[in-house]
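Undergrad: Please model the entire structure based on the sequences and the hints provided.
Residue numbers for the sequence shown, in this note's numbering: 250 to 362.
Simulated from the structure, these hints should not be mistaken for lab results.
Glycine residues also receive a C-beta, built at the ideal position from the N, C-alpha and C atoms.
Please note that the accuracy of each hint is not assured.
If you anchor each label on the Cβ, the simulated ranges turn out as follows [stated by the list, open to error]: (1) H297 - T269: 35 to 43 angstroms; (2) H297 - D272: 25 to 33 angstroms; (3) S295 - M335: 26 to 34 angstroms; (4) R298 - V273: 29 to 37 angstroms; (5) W263 - D300: 17 to 25 angstroms; (6) S256 - Y276: 30 to 38 angstroms; (7) H297 - V340: 26 to 34 angstroms; (8) Q257 - H296: 27 to 35 angstroms.
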Amino acid sequence: MWRQTSSQTRAEAWAEVRRTTTDVERYRILVAASVARRAALDAAQSHHRHDWAFWAAVWDAVMAIAVCDRIGGHYDVLIAPVAAVMPTLGVCRRDQLGTRHLPDAALGRSGQS
Numbered sequence: 250m251w252r253q254t255s256s257q258t259r260a261e262a263w264a265e266v267r268r269t270t271t272d273v274e275r276y277r278i279l280v281a282a283s284v285a286r287r288a289a290l291d292a293a294q295s296h297h298r299h300d301w302a303f304w305a306a307v308w309d310a311v312m313a314i315a316v317c318d319r320i321g322g323h324y325d326v327l328i329a330p331v332a333a334v335m336p337t338l339g340v341c342r343r344d345q346l347g348t349r350h351l352p353d354a355a356l357g358r359s360g361q362s
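TA: So this is what it looks like as structure tokens:
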């Protein structure tokens with residue numbers, strides 16, 4: 250499913266993430282995305298799968314989750330491949346969970362809850 254989305258559409262979503270986050274937020278979100286990508290690579294390797302689109306989809310999904318309510322419809326673009334197998338991710342949950350449940354790194358805060 251990740252491959253079915255045009256690279257231009259993904260680039261527009263990433264541009265919206267950049268537009269709606271500070272440098273510090275982006276750094277923290279990218280760290281979280283790197284950790285998620287590493288876990289996805291490890292999971293793929295343990296199942297003898299070598300499909301880079303899998304870890305790329307996870308990378309995009311982490312970005313979407315971190316900034317869900319700020320990027321509007323771009324959330325759907327970034328989350329869709331992972332939401333196909335984890336449907337609960339199909340909707341931004343920040344409003345339902347409250348920000349106290351999201352990691353500080355994703356919110357761009359340090360030590361606040």
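Undergrad: Run every hint past the structure and note whether it holds.
TA: Verification of the hints:
Range check, H297 to T269: about 38 angstroms between beta-carbon atoms, so the 35 to 43 angstroms window is met. Between H297 and D272 the beta carbons are some 39 angstroms apart, a value that contradicts the proposed interval 25 to 33 angstroms. Distance hint check for S295 and M335: the Cβ-Cβ separation is about 19 angstroms, which falls outside the suggested range of 26 to 34 angstroms. Distance hint check: the CB atoms of R298 and V273 are about 35 angstroms apart, consistent with the given range 29 to 37 angstroms.
Checked against the hint of 17 to 25 angstroms, the pair W263 and D300 passes, with Cβ atoms roughly 21 angstroms apart. At roughly 24 angstroms, the beta carbons of S256 and Y276 sit outside the given window of 30 to 38 angstroms. About 33 angstroms separates the C-beta atoms of H297 and V340, a value consistent with the hinted range of 26 to 34 angstroms. Between Q257 and H296 the CB atoms are about 31 angstroms apart, so this pair conforms to the stated range of 27 to 35 angstroms.
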